[in-house]
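With the hints as extra help, turn the sequences into a complete structure.
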Amino acid sequence: MQWETVIGLEVHVQLATRSKIFSGASTAFGAEPNSQACAVDLGLPGVLPVLNEAAVAMAVKFGLAINAEIPEISVFDRKNYFYPDLPKGYQTSQMYSPIVGPGEVEITLDDGATKQIGVHHAHLEEDAGKSLHEDFHGMTGIDLNRAGTPLMEIVSQPDMRSAKEAAAYLKAIHAIVTYLGISDGNMAEGSMRCDVNVSVRPEGQERFGTRAEIKNVNSFRFVERAINFEKERQIELLEDGGVVEQETRLFDPELDETRSMRTKEEANDYRYFPCPDLLPVVLDQAYIDHQRRSLPELPAEKRARFQDELGLSAYDAGILSSSRAMADYFEVVKDVCGDAKQAANWVQGELSGALNRENLSIEQSPVAARQLGGLVSRVVDDTINGKAAKEVFQALWNGEGDSADDIIDAKGLEQVTDTGAIEAMIDQVIADNPAQVTQYQEADDAKRGKMIGYFVGQVMKASRGTANPQQVNALLKEKLDQA
Amino acid sequence: MHDKTLIELSRALNAGEFSSRELIEAFLARIDRLDGRLNSFITVTAEQALAAAEVADAKRDGNEHPLLAGIPIALKDIICTQGVKTSCGSKMLDNFVSPYDATIVEKLAGSGTISLGKTNMDEFAMGSSNETSFYGPTHNPWDLTAVPGGSSGGSAAAVAAGLVPAAIGTDTGGSIRQPAAFCGITGLKPTYGRVSRYGIIAYASSLDQAGPMARTAEDCALLLETIAGHDLRDSTSVARSVPDYRAELGQSLSGLKIGLPREYFGEGLDPAVDAAVRDAVKTYESLGATVREISLPHTHLAIPAYYVIAPAEASSNLSRYDGVRFGHRCDNPSNLIDLYKRSRAEGFGEEVKRRILIGTHTLSEGFFDAYYKKAQQVRRLIRQDFVDAFEEVDVLMGPTTPTPAFDLNAKKDPVSMYLQDIYTIAINLAGIPGITVPAGFAEGTEGERPIGLQILGPHFAESQLLNVAHQFQQNTDWHLRRPAIAEETA
Chain H
343 MQWETVIGLE
353 VHVQLATRSK
363 IFSGASTAFG
373 AEPNSQACAV
383 DLGLPGVLPV
393 LNEAAVAMAV
403 KFGLAINAEI
413 PEISVFDRKN
423 YFYPDLPKGY
433 QTSQMYSPIV
443 GPGEVEITLD
453 DGATKQIGVH
463 HAHLEEDAGK
473 SLHEDFHGMT
483 GIDLNRAGTP
493 LMEIVSQPDM
503 RSAKEAAAYL
513 KAIHAIVTYL
523 GISDGNMAEG
533 SMRCDVNVSV
543 RPEGQERFGT
553 RAEIKNVNSF
563 RFVERAINFE
573 KERQIELLED
583 GGVVEQETRL
593 FDPELDETRS
603 MRTKEEANDY
613 RYFPCPDLLP
623 VVLDQAYIDH
633 QRRSLPELPA
643 EKRARFQDEL
653 GLSAYDAGIL
663 SSSRAMADYF
673 EVVKDVCGDA
683 KQAANWVQGE
693 LSGALNRENL
703 SIEQSPVAAR
713 QLGGLVSRVV
723 DDTINGKAAK
733 EVFQALWNGE
743 GDSADDIIDA
753 KGLEQVTDTG
763 AIEAMIDQVI
773 ADNPAQVTQY
783 QEADDAKRGK
793 MIGYFVGQVM
803 KASRGTANPQ
813 QVNALLKEKL
823 DQA
Chain D
1094 MHDKTLIELS
1104 RALNAGEFSS
1114 RELIEAFLAR
1124 IDRLDGRLNS
1134 FITVTAEQAL
1144 AAAEVADAKR
1154 DGNEHPLLAG
1164 IPIALKDIIC
1174 TQGVKTSCGS
1184 KMLDNFVSPY
1194 DATIVEKLAG
1204 SGTISLGKTN
1214 MDEFAMGSSN
1224 ETSFYGPTHN
1234 PWDLTAVPGG
1244 SSGGSAAAVA
1254 AGLVPAAIGT
1264 DTGGSIRQPA
1274 AFCGITGLKP
1284 TYGRVSRYGI
1294 IAYASSLDQA
1304 GPMARTAEDC
1314 ALLLETIAGH
1324 DLRDSTSVAR
1334 SVPDYRAELG
1344 QSLSGLKIGL
1354 PREYFGEGLD
1364 PAVDAAVRDA
1374 VKTYESLGAT
1384 VREISLPHTH
1394 LAIPAYYVIA
1404 PAEASSNLSR
1414 YDGVRFGHRC
1424 DNPSNLIDLY
1434 KRSRAEGFGE
1444 EVKRRILIGT
1454 HTLSEGFFDA
1464 YYKKAQQVRR
1474 LIRQDFVDAF
1484 EEVDVLMGPT
1494 TPTPAFDLNA
1504 KKDPVSMYLQ
1514 DIYTIAINLA
1524 GIPGITVPAG
1534 FAEGTEGERP
1544 IGLQILGPHF
1554 AESQLLNVAH
1564 QFQQNTDWHL
1574 RRPAIAEETA
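Protein chains in written order, with this note's numbering: chain H, 343 to 825; chain D, 1094 to 1583.
To be clear, the hints were calculated from the coordinates, so they are not data collected in a lab.
Check each hint, because a few of them may be wrong.
Calculated cross-link-like contacts (lysine-lysine; reagent style DSS-like; alpha-carbon spacing at most 30 Å) [to be verified]:
| no. | chain 1 | residue 1 | chain 2 | residue 2 |
| --- | --- | --- | --- | --- |
| 1 | H | Lys803 | H | Lys753 |
| 2 | H | Lys557 | H | Lys457 |
| 3 | H | Lys606 | H | Lys683 |
| 4 | D | Lys1178 | D | Lys1466 |
| 5 | D | Lys1467 | D | Lys1446 |
| 6 | D | Lys1434 | H | Lys472 |
| 7 | H | Lys729 | H | Lys792 |
| 8 | D | Lys1504 | H | Lys819 |
| 9 | H | Lys573 | H | Lys606 |
| 10 | H | Lys606 | D | Lys1446 |
| 11 | D | Lys1467 | D | Lys1184 |
| 12 | H | Lys606 | D | Lys1467 |
| 13 | H | Lys606 | D | Lys1178 |
| 14 | H | Lys506 | H | Lys457 |
| 15 | H | Lys506 | H | Lys557 |
| 16 | H | Lys732 | H | Lys792 |
| 17 | H | Lys573 | H | Lys683 |
| 18 | D | Lys1467 | H | Lys421 |
| 19 | D | Lys1466 | H | Lys472 |
| 20 | H | Lys753 | H | Lys789 |
| 21 | H | Lys683 | H | Lys789 |
| 22 | D | Lys1434 | H | Lys606 |
| 23 | H | Lys421 | D | Lys1504 |
| 24 | D | Lys1504 | D | Lys1434 |
| 25 | H | Lys513 | H | Lys557 |
| 26 | H | Lys789 | D | Lys1178 |
| 27 | D | Lys1434 | H | Lys557 |
| 28 | H | Lys457 | H | Lys513 |
| 29 | D | Lys1446 | H | Lys506 |
| 30 | H | Lys421 | H | Lys557 |
| 31 | H | Lys513 | H | Lys573 |
Listed next, with one range per pair, are the computed distances between beta-carbon atoms [said to hold, decoys possible]:
| no. | chain 1 | residue 1 | chain 2 | residue 2 | range |
| --- | --- | --- | --- | --- | --- |
| 32 | H | Arg563 | D | Lys1466 | 22 to 30 Å |
| 33 | H | Asp582 | D | Leu1474 | 56 to 64 Å |
| 34 | D | Ser1457 | H | Gly443 | 22 to 30 Å |
| 35 | D | Lys1466 | H | His479 | 43 to 51 Å |
| 36 | D | His1158 | H | Leu637 | 53 to 61 Å |
| 37 | H | Met437 | D | Val1480 | 28 to 36 Å |
| 38 | H | Gly443 | D | Arg1473 | 36 to 44 Å |
Being a predicted model, the structure only gives us computed values, none of them experimental.
Note that CB positions come from ideal geometry on N, CA and C, so glycine has one too.
What follows is the structure in structure tokens.
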């Protein structure tokens, strides 16, 4: 039987507000435990929440970016359950009237095709603290610094059909929130986490299969691996005549498998009800319009502009617009050097290769966009040849100079295009290699084509790489064929 | 000194008749000597009060004369006070010393008042008799065999007995008005949102409201002016300027339209209370008011709706008392669940547990629509009853309670206790203000027991309510009567 996998994602995005969603405490990451938890975050008797307007603005921007409905009224609800790192015994969230209604996210697949993934809604909520089980000898440490950090939960429709689609969706969400500047999108620090709902059904069947929810998957790669494992597990189970249980599972990246956490029977009754301490959020059209006007250029728009105005291929445009950091970097390089195609080649080629080797993100690049732009300018205006350019790049990467021009000067890498100077070097090489010259002249055209490389190499060596290779080639041919 | 109102004390202090230190000492001595019989205080903060009195006296010597400077008050023990135990009448918070001040505590301190301590109350404000307090019941100063009412029973008893000239209470379903009526003092429940709830331990967040309890409407006006106002730390407090309530107290009542809700004079109303309220209404007629009967058709649904909404909110509000960060923690928990179960089982009393159970049930999947949602619909109907009534009349009048104060240990059945709030609860559901003033007495066991007249007005009509109450007190002397214990000297 052919099986179809059905996937829905719940993505939690930590919003980049300076203070918490319901208190004035800082949201900075990595502070001393419990040093960023005020009376409100601690849930002391008598304290009250006050909604952070910045979180509302961020959620609205996201909603507008995915063409979602923004309801006039949204309401905070309490989700009641006991856990030591949940100070109030409830999480303030939005159950019945979320701030962002249905919308759509476009994803691009490997073959360049696009697909619309529905967003059911997105809502605001507060994060819990952290339970630390190590270092406390039989006890648990509670760090409430994270308690009250604003989260936006984006709930997709079950519109994805493969692990690759799910990863592409997650990347698209990542791109949107980082473009909007509403989250740093840092998955390693937990700024973006996701719960994955997976079910399978025989191809052609309309009814959904029973789903399993895989909790807290925190990288693009893990999402793919978790889905692929889970899909196989469910298909195997069904083909062996078993049934899939509705349950919550955990992905273990070490073992590359999912494990059962709790079944439906063990599920909590969260007793949601409207939080009486917070007023309904009422957004008028003027406010929504104001947020709309402040939206930056979004990934899809940028991709289209890169193709239409800069003449980049769909593939290049897609990669260069995949994150705001990448796009911003590329645009600086392009503006400095004035050649979009060369800029695209360098960002995706030399730079990306070096970053990948060192496992760095583009934000961590030792070569600034302005520096790379300066380098590409010198390639574009033929000051240096390709080989020298790679040497300059490496020098910039190593911090050997502040600008490409400094390095070109210091290393004497400026391309030699003076025909007289090149001819002098060629004459010397011909004089130094009489045997090879004889061999060349006795060979037929096909062989000559291969043999000329030796002479080019010798001349380039003599010029310490600075000679213009095209010129060398042409002049050599001329002289050897004459002689 | 102890029989003076706030206004009189202020004049005497500014005239140099006595110092703030002498005043505080006199009240502390009374508490020391008399509160053994009443049990109206949980914590007396004598040292802090005396230190504050020194400061007030020094300022007065420096020619500063704020109206309330150096005048003692008391705070219901539900109000967080920095560095002072704030128990909420519960074993759960017996060890809780608040690290911060409630907004109203800051405001009261800013006006110069001096807190003598924290008054007894029903546990987590759940009760109508002060009998659910972990610290034992408070006795009614008029008749020690009677309850003072609740949940602000300690505040009411302390004021009535002359242990403090005024106090702050909170009212979720009648918790200021019912004990004020039982103890023969004046108590005001402001409009929801008029007074900040920040730092007031939540029972039912959509109903809780703090207010003044004092001898006279004039004192209530003075205190309300101090504690009212918008607070950025409480989203449900209303951004609306605070009027000069005392300036409004001289208005004539000629032409005032009074409505008597038919439903407030029905079955279960004690004849003595009925007679006292009708006499009070006659007094108003003599002052030029007109009276007509009016209907609040959904009155019978107020108690059922309240006992769905309040416990639902309470069950969630009280989840934070889990033995993890503060409050009672059981000995030697074997695991997390054991820690939760035993800490909460040991820390909470019967009535609190009952309401947590009710609330947990009504919010549960499968019951939420039938109980919680339905109760919210009923709440809107009840609110509309009042809005409609105030299209016809200026104020509503009726009994504050169906009976005078009942005997200690008399009401064993929770439902008969809940029915105590039959005339007060709808007011919280509607969010409107209500005031009770002393309007007569009924026979008791060891002494007479006071009767309260309740006056209700539209949202934010506190000025009018205070004036209507004040005019009554200008023409009657019920509020001047003192229980025997108040006549005793320290």
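Going down the list of hints, with the structure as the test:
1. Distance hint between H:Lys803 and H:Lys753 is fulfilled; the C-alpha atoms sit about 15 Å from each other, no more than 30 Å.
2. In summary, the hint linking H:Lys557 to H:Lys457 is supported, as the alpha carbons are separated by about 25 Å, within the 30 Å threshold.
3. A C-alpha spacing of about 54 Å is found between H:Lys606 and H:Lys683, which places the hinted pair above 30 Å, so the restraint is violated.
4. About 37 Å separates the Cα atoms of D:Lys1178 and D:Lys1466, which puts this hinted pair outside 30 Å; it is violated.
5. Taking the CA atoms of D:Lys1467 and D:Lys1446, the gap is about 23 Å. The hint holds against a cut of 30 Å.
6. Pair hint D:Lys1434 plus H:Lys472 holds up; C-alpha atoms about 22 Å apart against a cutoff of 30 Å.
7. Between H:Lys729 and H:Lys792 the CA atoms are separated by roughly 21 Å; this keeps the pair inside 30 Å, and the hint holds.
8. Between the alpha carbons of D:Lys1504 and H:Lys819 the distance comes to roughly 116 Å, so the proposed pair goes past 30 Å and is violated.
9. Only pairs whose Cα atoms come within 30 Å are accepted, and H:Lys573 paired with H:Lys606 is accepted, the gap being roughly 19 Å.
10. For the given pair, H:Lys606 sits about 28 Å from D:Lys1446 by alpha-carbon distance, which is consistent with the 30 Å threshold.
11. As the CA atoms of D:Lys1467 and D:Lys1184 are separated by approximately 34 Å, the hinted pair breaks the 30 Å bound.
12. In summary, the hint linking H:Lys606 to D:Lys1467 is supported, as the alpha carbons are separated by about 28 Å, within the 30 Å threshold.
13. Proximity of H:Lys606 to D:Lys1178 is assessed by CA-CA distance (about 43 Å); at most 30 Å being required, the pair is judged violated.
14. Proximity of H:Lys506 to H:Lys457 is assessed by CA-CA distance (about 12 Å); at most 30 Å being required, the pair is judged to hold.
15. About 18 Å separates the Cα atoms of H:Lys506 and H:Lys557, which keeps this hinted pair within 30 Å; it holds.
16. Only pairs whose Cα atoms come within 30 Å are accepted, and H:Lys732 paired with H:Lys792 is accepted, the gap being roughly 25 Å.
17. Restraint check for H:Lys573 and H:Lys683: not satisfied, since their Cα atoms lie roughly 41 Å apart, outside the 30 Å limit.
18. At most 30 Å may separate the alpha-carbon atoms for a hinted pair to count; D:Lys1467 and H:Lys421 meet this at roughly 20 Å.
19. Using a Cα cut-off of 30 Å, the hinted pair D:Lys1466 and H:Lys472 is violated, with the two alpha carbons roughly 34 Å apart.
20. About 36 Å separates the Cα atoms of H:Lys753 and H:Lys789, which puts this hinted pair outside 30 Å; it is violated.
21. Distance restraint check for H:Lys683 and H:Lys789: the Cα-Cα separation of roughly 35 Å exceeds the 30 Å cut-off, and the hinted pair is therefore not satisfied.
22. The straight-line distance between the Cα atoms of D:Lys1434 and H:Lys606 is roughly 23 Å, inside the 30 Å bound, and the hint therefore holds.
23. For a cut-off of 30 Å, the pair hint linking H:Lys421 to D:Lys1504 is broken: about 36 Å separates their Cα positions.
24. For the proposed pair D:Lys1504 and D:Lys1434, the alpha carbon gap of about 29 Å is at most 30 Å, so the pair holds.
25. With a C-alpha separation of about 18 Å, the suggested pair H:Lys513 and H:Lys557 falls inside the 30 Å cut-off, and the hint holds.
26. Restraint check for H:Lys789 and D:Lys1178: not satisfied, since their Cα atoms lie roughly 99 Å apart, outside the 30 Å limit.
27. Proximity of D:Lys1434 to H:Lys557 is assessed by CA-CA distance (about 28 Å); at most 30 Å being required, the pair is judged to hold.
28. As the CA atoms of H:Lys457 and H:Lys513 are separated by approximately 13 Å, the hinted pair is consistent with the 30 Å bound.
29. Distance check on the hinted pair: D:Lys1446 and H:Lys506 sit about 51 Å apart at the alpha-carbon level, beyond 30 Å; violated.
30. Straight-line distance between C-alpha atoms of H:Lys421 and H:Lys557 comes to about 18 Å, which keeps the hinted pair within the 30 Å bound.
31. For the hint linking H:Lys513 to H:Lys573, the alpha-carbon distance of about 21 Å falls within 30 Å, and the restraint holds.
32. Roughly 45 Å separates the CB atoms of H:Arg563 and D:Lys1466, a value that falls outside the hinted 22 to 30 Å.
33. As the Cβ distance of H:Asp582 to D:Leu1474 is approximately 58 Å, the hint placing it in 56 to 64 Å holds.
34. Range check, D:Ser1457 to H:Gly443: Cβ separation about 28 Å, and the 22 to 30 Å hint holds.
35. The supplied range of 43 to 51 Å is met by D:Lys1466 and H:His479, whose beta-carbon atoms lie about 48 Å from each other.
36. One distance hint, 53 to 61 Å for the beta-carbon pair D:His1158 and H:Leu637, holds here, with the actual separation near 58 Å.
37. Roughly 30 Å separates the CB atoms of H:Met437 and D:Val1480, a value that falls within the hinted 28 to 36 Å.
38. Between H:Gly443 and D:Arg1473, the C-beta spacing of about 25 Å breaks the proposed range 36 to 44 Å.
Hints 3, 4, 8, 11, 13, 17, 19, 20, 21, 23, 26, 29, 32, 38 from the earlier list are contradicted by this structure; the remaining hints agree with it.
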